[in-house]
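K.L.:
Spelled out from the first residue to the last, the chains are:
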Amino acid sequence: MSDQGSKNPFPLPSEVESVPGTDGWQDMYPYYTHFQPEDDQRFWFCNSMHFANPMSAFDVITAEVPYHGMGAFTTRVFAFPTVLGIDYRILNGRVYITANTVTDPDEIERRLEIFQRRAGRYYENWNEIYVQWEQRMKNLIASLDDIKVPELPEFEDEQVVMKASGIAQNHYVREAFHRCIEAFSVMWQHHFEMLMLGYGAYVVFFQFCKKAFPEIDDQTVARMVAGIDVLMFRPDDELKHLARLAEELGLGDIFTPDGNPDVILPAVGQRGEAGQRWLEALEKSRDPWFNISTGDGFYHQDRSWNDDLSIPFSALPHYIGLIRKGETLERPVKKLKRERTRIISEYRALLNSEDEQLAFDQILGLAHLVFPHVEDHKFYCEHWLTTRFFNKMREFGALMERYEVIDDAEDIFHLHYTEVEKSLATIMNSWAAGTPPANRDYWKPIIEKRKKILGKLADWQAPPAIGPMPEKIEDPALQMLWGITSETLLAWSTPAVGKAKNEIHGYAASAGVVEGVARVLRDISDFSGISDDEILVCPITHPSWAPLFSKIKAAVSDIGGTMSHMAIVAREYGLPAVVGTGQATQRIVSGQRIRVDGDRGIVTLLDE
Amino acid sequence: MSEHKGDGELGTDAVSWFRDIGIGDSPQVGGKGASLGELVRAGIRVPAGFVVTIQAYDQFMDLVDKSGAIRKAIGMLNPKDLDRIKVLSGQFKDLFAQTPLPATLRKSIAGAYRELCGGQSDLPVAVRSSATCEDSAEASFAGLQDTYLWIRGEASVVKWVRACWASLYNPESVSYRLRLSLPEDQISMGVVVQEMVNARCSGVMFSRSPTTGDRSVVTLEASWGLGSSIVSGEVTPDKYVMNKVTGGIIDRVVATKLIQHVPDPSGTGVQEQSVPPEKQTEPCLSDDEVKALLGVAKKTELHYGCAQDMEWAIAHEDEGIWLLQSRPETVWSSKQAKHISVPQKKAFEHVFSALSGKQN
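Protein chains in written order, with our numbering: chain A, 1 to 608; chain B, 609 to 968.
By construction, these hints were calculated from the structure, which means they are not laboratory data. Watch out, some of these pointers could steer you wrong.
Said to hold, decoys possible - Below 25 Å or equal to it, Euclidean Cα-Cα: the simulated PhoX-like pairs (lysine-lysine) are:
id, chain 1, residue 1, chain 2, residue 2
1, A, K501, A, K472
2, B, K887, B, K906
3, B, K906, A, K211
4, B, K954, A, K211
5, B, K847, B, K887
6, A, K335, A, K472
7, B, K946, A, K211
8, B, K946, A, K472
9, B, K906, A, K335
10, A, K335, B, K887
11, A, K334, A, K501
12, A, K210, B, K946
13, A, K211, B, K953
14, B, K906, A, K337
15, B, K701, A, K210
16, A, K335, B, K847
17, B, K688, A, K501
18, A, K472, A, K211
19, B, K715, B, K701
20, A, K553, B, K899
21, A, K211, B, K943
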């Protein structure tokens with residue numbers, strides 16, 4: 001990289017080279033996601049926070065639809081004064097985005113007037129609207145569950161004749177598919193309905209703290225705001241409850257680290273009344289708490305605990321072991337609350353004047369008002385509804401497999417949703433015509449090719465940003481959503497000056513320094529592979545991984561900020577954590593000794 | 609080493625033990641001495657010692673400059689007239705050197721030193737100035753009056769107490785006072801005589817950030833040996849920033865520490881020495897020690913009710929923290945606090961100004 005300050009440190013989109021063996025990768029994605037020559041004029045950064053891996057053709061919907069919602073609510077619904085929506089493109093399978101802003105003072109003033117009226121209405125009635133929001137979300141999930149993917153029997157149900165409804169099943173193939181896509185779209189609209197206002201309130205508190213206490217670390221600001229009874233902790237709490245119940249009922253010996261439900265469930269069932277009681281408790285916990293995803297809601301392969309019970313079950317023996325040792329599993333909620341109150345009041349006392357203290361009270365009060373939604377919306381949106389949505393798509397995949405349009409139901413995820421619709425059209429006609437779907441083998445070689453391309457793209461090192469670097473970035477939206485500031489850009493654009501070769505830098509997420517043996521976990525299927533007191537190294541953690549935190553002694557992630565799930569959980573467990581390293585899983589191997597410095601955000605490889 | 613020595617049997621008005629004085633005694637013992645007494649009262653671990661009082665100084669000065677004519681002349685100098693300042697300062701020093709110390713004073717100082725030694729012969733002590741206007745919240749006087757380290761023996765102690773007094777009239781001190789228009793007839797000086805800590809490492813500490821003024825952090829610098837190497841800027845120390853509220857270490861920079869100040873092998877004074885290569889890049893504090901220092905900083909600040917600028921040491925012989933001095937932080941406390949935010953009619957109005965790119 002050049003050391004000339006004037007030279008742009010990032011490649012232009014048109015300068016980024018293709019990955020060998022991925023010719024035609026663009027065809028996986030819609031034309032409007034392709035970079036065009038004029039895009040070289042704009043600055044883009046890789047949204048690796050949400051999209052860490054190359055996107056399969058179907059999963060592009062998890063970029064497309066959210067950006068429709070996000071921009072709509074900032075640009076059009078609330079008229080945020082400076083914040084417009086997001087443009088996105090796909091390059092070598094990764095999602096690059098650019099944030100649009102308003103800079104003209106008159107225009108900002110004009111938008112501010114609208115924003116004050118509209119945002120004010122939401123802030124003033126926040127809790128009331130949030131209660132309605134939750135109800136709307138539950139209704140939406142129920143309506144998604146109600147969608148039936150037609151089975152296309154040989155003869156139509158006689159009811160169609162008896163009731164003279166006049167519509168046959170093949171019509172409902174497309175209708176049901178549309179309804180699923182619509183439910184997903186409505187979810188993402190709701191997702192941003194309150195969220196951007198929530199972030200806005202948080203960012204005001206963040207800025208206040210940074211001004212009043214210039215050296216305050218992000219995690220301490222987060223600690224003053226973060227909730228303690230957060231929905232995302234519930235699934236893990238339920239699991240602990242089930243572990244305790246199993247032990248009380250004398251069922252503890254049934255649970256093995258592989259967590260195989262096909263073995264465990266029948267074994268519990270054979271334990272008479274005790275077994276029945278446990279199974280009833282399990283059913284209660286599953287709905288809705290096991291609708292938690294092993295991911296963040298952006299990839300079809302992230303399944304929920306309900307989809308794969310071996311994930312929660314494999315954590316049970318460890319919890320049961322802790323109970324037998326007499327340890328308390330429950331989160332020390334009261335202590336955490338007391339500590340949060342203490343931190344807040346000590347910072348408050350350090351402020352310079354009574355006026356400042358009153359402003360602090362107001363701003364923090366607002367942050368506390370909005371934050372339950374900021375923290376809890378994910379459970380409804382990215383977890384509960386999204387895992388159900390992908391499962392519905394699997395039902396369509398099964399239909400397509402049955403009609404031999406694809407080889408395997410899961411292959412549906414290698415088609416864009418508009419391509420799925422095309423192939424459903426051939427099925428609709430096939431059923432009507434009584435012949436095989438037209439050009440039935442059309443998608444199969446395309447899918448095979450896409451699988452190969454995705455495999456190759458996985459190893460590509462995506463540049464964190466592309467295009468001409470702006471002189472400064474002061475956009476509060478970029479800051480609040482992605483933590484991107486002028487300093488971030490500088491860090492990205494300068495080679496690791498002053499960093500030792502054996503160091504990996506990230507965000508200091510949870511304080512403390514420990515050394516130990518690393519265990520690299522790429523996904524939840526490795527879950528039982530971690531031993532006590534190892535250091536977890538993973539691309540990103542998800543709330544469903546919470547049971548791991550009682551085993552490990554520190555945590556490192558590729559992706560995430562100081563408000564990420566890993567950061568919050570690590571702080572609660574008092575484990576040092578470094579997040580957002582970008583490269584920990586690539587540079588660290590399991591078994592290697594590492595030092596995690598959660599005070600400074602540095603991971604040191606000790607025997608490299 | 610113990611915090612309290614001597615039971616004051618020779619007690620005269622010429623010396624005051626730390627344990628008997630507090631911040632209110634500043635007019636009698638000078639700022640530094642009074643502050644050390646106050647720290648002892650606050651339950652902070654301070655090496656034992658006493659102050660040669662202002663009264664002792666005044667008594668001697670009346671012998672040096674009987675009519676007060678020279679001091680008066682100095683007070684009327686133009687602060688920019690460095691040549692005249694040098695001339696008068698030189699005249700004063702000559703007179704000073706020619707004037708013998710009254711026997712009663714000598715006896716009091718030597719007696720107090722012997723008491724401080726306890727059973728030990730020639731306990732090493734630090735002799736440090738404690739002027740009446742020094743270490744105030746308004747003016748730092750940093751480094752203008754002298755400090756002498758690792759002084760042993762009665763005669764030596766007496767000699768360096770005189771040297772401290774004399775330093776009040778070196779040209780730098782005189783011009784500093786003139787520049788700030790401090791009234792010359794109110795200048796006086798106590799001298800602190802304090803047991804030396806045989807420091808494994810030592811350093812300075814601010815109970816707010818010296819760079820940003822942030823009151824929620826404590827900034828700490830540490831290096832091997834005596835703290836004089838840091839104060840004089842001869843070494844780049846290790847640096848820590850700690851969060852006062854959460855107790856976390858926010859930042860740490862382990863520097864390459866090339867030199868250290870250690871007791872002179874002759875038994876008196878200090879010398880500069882190279883740090884052995886293997887220790888140069890080794891942090892000189894453990895995390896537990898950093899946290900203990902944070903505790904001392906918080907306790908001291910809480911006691912005084914304002915941000916403090918402190919010097920500390922950790923001895924070879926034991927593990928605890930010794931606080932060597934503490935004074936009010938002067939740079940940030942004299943600045944107009946930056947305006948952050950004022951209450952709004954409704955809490956959410958803060959969002960409007962912040963998200964439209966305006967400050968409220």
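K.L.:
When you check the alpha-carbon spacing of K688/B and K501/A, does it fall within 25 Å?
P.N.:
Between K688/B and K501/A the Cα gap is close to 54 Å, so the pair fails against 25 Å, i.e. violated.
K.L.:
Does K701/B pair with K210/A here, judged by a C-alpha cut-off of 25 Å?
P.N.:
52 Å, violated
K.L.:
Given the hint that K211/A pairs with K943/B, test it: the Cα-Cα distance must not exceed 25 Å.
P.N.:
Judged against 25 Å, a Cα distance of about 16 Å means the pair holds.
K.L.:
Is it true that the CA of K335/A sits at most 25 Å from the CA of K472/A?
P.N.:
Answer violated: K335/A to K472/A is near 42 Å, above 25 Å.
K.L.:
Given the proposed pairing of K553/A with K899/B, does the C-alpha separation stay at or below 25 Å?
P.N.:
21 Å, holds
K.L.:
Has the given pair, K906/B with K211/A, been kept, meaning a C-alpha gap of at most 25 Å?
P.N.:
This hinted pair holds, its Cα atoms lying about 22 Å apart.
K.L.:
Hint check: K906/B vs K335/A, CA-CA at most 25 Å. Holds or violated?
P.N.:
23 Å, holds
K.L.:
Would you mind confirming whether the straight-line C-alpha gap from K715/B to K701/B stays at or under 25 Å?
P.N.:
23 Å, holds
K.L.:
Does K211/A sit within 25 Å of K954/B, going by the straight-line distance between their CA atoms?
P.N.:
21 Å, holds
K.L.:
Decide if the proposed pair is consistent with the structure: K501/A and K472/A, CA atoms, cutoff 25 Å inclusive.
P.N.:
With Cα atoms ~29 Å apart, K501/A and K472/A exceed 25 Å; violated.
K.L.:
Given the hinted pair K211/A and K953/B, is their Cα-Cα distance within 25 Å?
P.N.:
Given that 25 Å is the threshold and the Cα spacing comes to 21 Å, the pair holds.
K.L.:
Regarding the pair K946/B and K211/A, is the alpha-carbon distance no greater than 25 Å?
P.N.:
It holds: about 9 Å lies between the C-alpha atoms, which stays within 25 Å.
Checked against the numbered hints given earlier, the structure breaks hints 1, 2, 6, 10, 11, 15, 16, 17 and satisfies all the rest.
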